[in-house]
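Residue numbers for the sequence shown follow my numbering, beginning at 1 and rising by one.
Derived by calculation from the structure, the hints in this document are not laboratory data.
Heads up, a few of these hints could be off.
[What the hints assert, rightly or not] In silico EDC-like links for lysine to aspartate or glutamate, alpha-carbon gap of 16 Å or less: (1) Lys116 / Glu84; (2) Lys100 / Asp60; (3) Lys55 / Asp20; (4) Lys152 / Glu68.
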Amino acid sequence: MRWYLADVSATDIRPCGAADLPALFSIVNDAAQAYKGVIPADCWHEPYMPLDELKQGIRDGIVFWGYEADGELVGVMGIQDRGEVSLIRHAYVQTVQRRKGIGEKLLKYLEGMTAKPILIGTWSAAAWAIAFYEKNGYRPLSRPETERLLRKYWSIPERQIETSVVLANASWKS
């Protein structure tokens, strides 16, 4: 699939390349500290996302975009083409950079890259993440639909399926 860019002027947003891998790894694992003590204990590990898992996601087609502030990558978000849908994957902003609109800017930018319905999976216990996506026009899907979609479009353990939710934008028709 070929991504196209909508009319979004975001000079601070750029594609991430191989040289960004250390920053991607750092941002994801810094921001994921918010999950510690919130998601099921048997799903938490350090680092939250090992480097090999991050690299595998990229090999599997996740294209990461980053937000720069003062020349430093401070937020990342991935988009993955899965045929009839696009998935937003691994949306993280450095802890010290939160609440500055970076996540919303990245989300809007990536939304402008696809005309397909967008699905987002996150932990059911991550109330702040769910609220963020709802504020941006996404709606949580039913439990049966969540489980069906997680099995169809994601490669995650069964335990994560049991404890996650899928949200969809307005283009998604249940």
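* To do: Could you grab the alpha-carbon distance between Lys55 and Asp20 and see if it respects the 16 Å cut-off?
  => Between Lys55 and Asp20 the Cα gap is close to 12 Å, so the pair holds against 16 Å.
* Is it true that the CA of Lys116 sits at most 16 Å from the CA of Glu84? -> The given pair, whose Cα atoms are some 7 Å apart, holds under the 16 Å limit.
* **Holds or violated: Lys152 to Glu68, with C-alpha atoms at most 16 Å apart** => Violated, at roughly 33 Å.
* With a cut-off of 16 Å on the C-alpha distance, tell me whether Lys100 and Asp60 pass. => violated (30 Å)
The structure fails to meet hints 2, 4 from the earlier list, while all remaining hints are met.
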